[in-house]
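Undergrad: What follows is each chain in one-letter form.
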Amino acid sequence: MKFEIKECEKTPRITKLVDDLFKKMPQIEHYRAVLYTDSFRSTEGEPTVLRKAKAFYNVCKNIPIVIRDNELIVGANSVSPRSCPTFPEFSFEWLESEFDTVSTRSADPFEISDESKAALREVHKYWKGRTTSELATAYMAPEARRAFEHNMFTPGNYFYNGVGHVTVQYDTVIYKGLDYVIERAASELDKANFGDADFACRSAFLKAVIVSCEAVKIYASRYSELANSMAAKESDPARKAELSAIAGRCARVPAKPARGFAEACQAFWFVQQLLQLESSGHSISPGRFDQYMYPLYEADLKSGRITRDAAQELIDCIFVKLNDLNKVRDAASAEGFAGYSLFQNMIVGGQNADGIDVTNDLSVMCIVASKHVMLPQPSLSIRVWNGSPHELLIKAAELTRTGVGLPAYYNDEVVIPSLISRGLTMADARNYNIIGCVEPQCPGKTDGWHDAAFFNMCRPLEMVFSRGIDKGEQVGLDTGDVSALDTYEKFRDAYVKQMNYAIELLVNADNAIDRAHMERAPLAFESCLVDDCIARGKTVQEGGAVYNFTGPQGFGVANMGDALYAVKTLVYDKKKFTIEELQRALYYNFGNLTEARAADITADVVRAMQASGKKVSEKDIPAILGSVFASLDANEKQRYADIKSMIDDVTHFGNDDDTVDAFAREAAYMYTRPLETYRNPRGGMFQAGLYPVSANVPLGAQTGATPDGRYAYVPVADGVSPTAGRDTNGPTATANSVSKLDHFIASNGTLFNQKFHPSALAGREGLEKFVALIRTYFDKKGSHMQFNVVSRETLLDAQKHPENYKHLVVRVAGYSALFTTLSRSLQDDIINRTEQAWGN
Amino acid sequence: MTDNETKGRIFDIQRYSIHDGRGIRTIVFLKGCVLRCRWCCNPESQRYDIETMRTQDGVKTMGRDVTVGEVLEVVERDRGYYRRSGGGITLSGGESLCQPEFALSLLRESKSRGISTAIESMGCAEWETINKLLPYIDQYLLDIKHTNHEKHREFTGRSNELMMENARKIAASGLTELTVRVPVVPSFNASEEEIASIARFADSLGNVAGLHLLPYHRLGQDKYAGLGRDYTMADIVPPTREFMERLLETAKKNCNLHCQIGG
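Chains as they are written, first to last, in our numbering: chain D, 838 to 1677; chain G, 1077 to 1339.
Accuracy of the hints is not assured; some may be wrong.
As the list claims (entries may be wrong) - Only pairs whose alpha carbons sit at most 35 Å apart, straight line, appear in this in silico DSBU-like list of lysine-lysine:
{"id": "1", "chain 1": "G", "residue 1": "Lys1299", "chain 2": "D", "residue 2": "Lys1481"}
{"id": "2", "chain 1": "D", "residue 1": "Lys1308", "chain 2": "D", "residue 2": "Lys965"}
{"id": "3", "chain 1": "D", "residue 1": "Lys860", "chain 2": "D", "residue 2": "Lys1013"}
{"id": "4", "chain 1": "G", "residue 1": "Lys1136", "chain 2": "D", "residue 2": "Lys1208"}
{"id": "5", "chain 1": "D", "residue 1": "Lys1405", "chain 2": "G", "residue 2": "Lys1136"}
{"id": "6", "chain 1": "D", "residue 1": "Lys843", "chain 2": "G", "residue 2": "Lys1299"}
{"id": "7", "chain 1": "D", "residue 1": "Lys1411", "chain 2": "G", "residue 2": "Lys1187"}
{"id": "8", "chain 1": "D", "residue 1": "Lys853", "chain 2": "D", "residue 2": "Lys954"}
{"id": "9", "chain 1": "D", "residue 1": "Lys898", "chain 2": "D", "residue 2": "Lys843"}
{"id": "10", "chain 1": "G", "residue 1": "Lys1328", "chain 2": "D", "residue 2": "Lys1577"}
{"id": "11", "chain 1": "D", "residue 1": "Lys1208", "chain 2": "D", "residue 2": "Lys1618"}
{"id": "12", "chain 1": "D", "residue 1": "Lys1208", "chain 2": "D", "residue 2": "Lys1334"}
{"id": "13", "chain 1": "G", "residue 1": "Lys1245", "chain 2": "D", "residue 2": "Lys1592"}
{"id": "14", "chain 1": "G", "residue 1": "Lys1328", "chain 2": "D", "residue 2": "Lys1617"}
Hints were generated in silico from the structure; no laboratory data involved.
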């Protein structure tokens, strides 16, 4: 495949579109919820899949539509930019209870008008008792529900929302059109025999497909009419022509095949947007955009119907639009997915089904588009393998150098065999793309249920020390008093038992939610663009996809590897302190009785008093709190602090030390191996991911002190990365450690973050060395890598919180230093120079 | 005794070094130096004796005795990165030539293991010493600080005749790729005239791959206090980027070498 490394200019239109996007705070809009509910009220008694298709139709036909100034690609899920509709059919109680706080909360605030509040309150009355989350709760074993409530794991994403996490067949819509899909569904309907066992489900689904595709066609034709009427009123001849062209495109696609690149862009966008109006699932990922768009781009370019510059502008427009979509989450989830992100992952480069590198002009243009818009969406990814063109990686590294955090780099050499080990064919595995954060799958054929839950690997270890009791309730197993664990092997086995039990409960919770989506959230539009739903006559939610998985993501690998190693070394081998001493040291947070920790200990004391029949009232609390503080004498406090120092002094994961790194590898297996023995209701298997999104922070805040020297309630380690500040031998040592984990078994993705100072990427030589670092990590079979090129802001934060940045290497003019070990004045020197450091 | 068993004294090994030679490198800092440059950013490198230095993380012992085998165990860990980037091991200091046996064993053993080698050095040793090492040095990063003997003596403690002569011999040997590096230090050599003179000298050597101008920085300042020494350069301000650009132009005008700012 021939391609040219070339950077087209950013047009003034793109600047304006981006500026307009951020003029107002995001709003919560009620239109969709009202229209959707209206339809549901009129279809009682009909099959669910058809009711949902009809509701979607009512939304597409009547929701207010808008063409924003300067847009070339049109279609918006909200009237106001970056705003969102709501989806009460999945859950609504959290939203109603947060009506008055959602605009002021710290993570991802939204405004909501009184009118919208009133409309939504009215709508919510209908959904009481009818949501997926209510059914999921009913299906869950009480033990699983309790574990969920106690933050052993958090399947909140699909519990409250749609699933999303899919890449559909955009190519079918672009090259064949929705009329083709409708015809196909109609002909399958014709073929169905009245006597077929599945006639009822099959026919209801196929009818729902037709209704849903008609809904999308109507929506597009409304845009055509709107563009025409706006063109008629437009005085600027240039804009008038643009509006007329928009009208023409919307009259054609997505019903009929696209005749050129611009029509393909519009067809792509309607699908991308409306999948997110059908359901609230996020991570609807465009996938291999550079591949399925290329034939039309190439044809247009050859026939002179488009220039590279004009195509670049259209791609830039799509990138802006991807940031126009938004979603409101409950306050807790918003912290776990912070940054208004919809995780629409687009991936460029890599091999085709035959194993040939298919990097093309569009691969380059997508990287350039990210540089033009400098926005978080799409989550741009790049596939890297031994045959990747060096120049493409250099171009990607240039984007990394801007500090935008994109692209993420993926290793074909790990992802492909890993997917094959999960039952994909070689051709399907080679054609993989990434969903959401880091989750690989075959586009158009998979319901991956990636992101199925956050699983905190630290919590089961807490249960070893508490005999499974958390806040007075039996949440984990009772593995006996720790004093009985007189060998490391017994200690380790107790952790494994707690892990296995928590994993089983996680599976129970996920499968309950899965079942609820199957019954209450069958999605016809999404399903008609995923193989093999139409032929099988069932939705994705009912197991219609070729490949079905459930992928809950564990995090805390580094903490648990370090903890197991520290316990083995200090308690059992060197006998520096006993396991009971460690138990108390953890309970008293290594002698650091913070207010939060003291409050939790007080609550334990109160529960114990109540259990023994004593009455405790509010006014007794201060005295109890005082006694908690008093109960820890100075010697004891010092002893616990010493225990922490001893732990801090043993070696930790992330420093290329084979001994401790082997413990981290084993800790990861304790999550990944049991999980793959379970099945989901769609007929697929569970597969582990090792990544936290941003949940390592809020879920860390629910986790007590751990034997790796981590204080209570501070963040847990991020993905497969070492604990922040524990890796002190530089990026190659860190990468070596991380590569010693088994990335193949974590087939739902691993996430490795590294931080760099911009000077490390300075000049062509800096880019070359950066690419060499990625290549080497990938040679060592790491699967994913992403980079924070530290900004001035980060360095300022590092001055405030040096404990989080111990590993941050700054490089200035040939000299390297750990930033936090420099004096304040020299740090200031470096901060002042940071922004000049590029490209020397 | 095999090369692996040769002992020497180092004060640090730094992995992922990207500004000191080709590719991604591991720098081994040998302890001990013949010069006492006033601006030295690694003052803990100057004495051969093991000493203690106060840092923000407490008092640290600077210097430890190790074998070549122990050093290369660390160096080997990044072999994959060297292969992908064209990097390898770099000996730095101090002046590596102050421990000639150790330096020779390190370089020869690295080469025999297929690891590319570089040395950062002033060339301040008897020619015989350097000559023995040359077959095992892929890249020689040679400091030329000044062309004026007196000024050199004033700021570094020694005159530069031997170093300039060695520079000629290293270039003439054809055994290594020679790059000339100039620390640009205000009050010492940061003038157009002085840089021009160094550039002309570098050009006259023949066989030089490039000339690197390294702007003075103050990052070693804290260490002087930590070692209980005075930092006499405290009031010297690092050269501005614009000034460095001007000196780069000067250098280019006075030689036919590839010139750049930074390593």
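Undergrad: Mind checking the alpha carbons of Lys1136 (chain G) and Lys1208 (chain D) for me, to see if they're no more than 35 Å apart?
TA: violated, 45 Å
Undergrad: Need the status of pair Lys1328 (chain G), Lys1617 (chain D): alpha-carbon distance at most 35 Å?
TA: violated, 42 Å
Undergrad: Would the pair Lys843 (chain D) and Lys1299 (chain G) pass a check requiring their Cα atoms to be no farther apart than 35 Å?
TA: Between Lys843 (chain D) and Lys1299 (chain G) the Cα gap is close to 47 Å, so the pair fails against 35 Å, i.e. violated.
Undergrad: Mind checking the alpha carbons of Lys1405 (chain D) and Lys1136 (chain G) for me, to see if they're no more than 35 Å apart?
TA: holds, 28 Å
Undergrad: Does Lys1592 (chain D) sit within 35 Å of Lys1245 (chain G), going by the straight-line distance between their CA atoms?
TA: Measuring from Cα to Cα gives roughly 43 Å; hence the hint is violated.
Undergrad: Could you grab the alpha-carbon distance between Lys1208 (chain D) and Lys1618 (chain D) and see if it respects the 35 Å cut-off?
TA: holds, 29 Å
Undergrad: Below or equal to 35 Å on CA atoms is what counts here, so check Lys1308 (chain D) against Lys965 (chain D).
TA: holds, 30 Å
Undergrad: Run the distance test for Lys860 (chain D) versus Lys1013 (chain D): straight-line Cα separation, threshold 35 Å.
TA: violated, 38 Å
Undergrad: Is Lys1411 (chain D) within 35 Å of Lys1187 (chain G), Cα to Cα?
TA: Violated, at about 41 Å.
Undergrad: Assess, step by step, whether the Cα of Lys1328 (chain G) is no farther than 35 Å from the Cα of Lys1577 (chain D), and give holds or violated.
TA: Roughly 47 Å separates the two Cα atoms, so the pair is violated.
Undergrad: Compare the distance between the alpha carbons of Lys853 (chain D) and Lys954 (chain D) with 35 Å, and conclude whether the hinted pair is satisfied.
TA: holds, 31 Å
Undergrad: Please work out if Lys898 (chain D) and Lys843 (chain D) have their alpha carbons no farther apart than 35 Å.
TA: Violated: Lys898 (chain D) and Lys843 (chain D) sit about 42 Å apart, past 35 Å.
The structure does not agree with the numbered hints 3, 4, 6, 7, 9, 10, 12, 13 and 14 stated previously, though it agrees with the rest.
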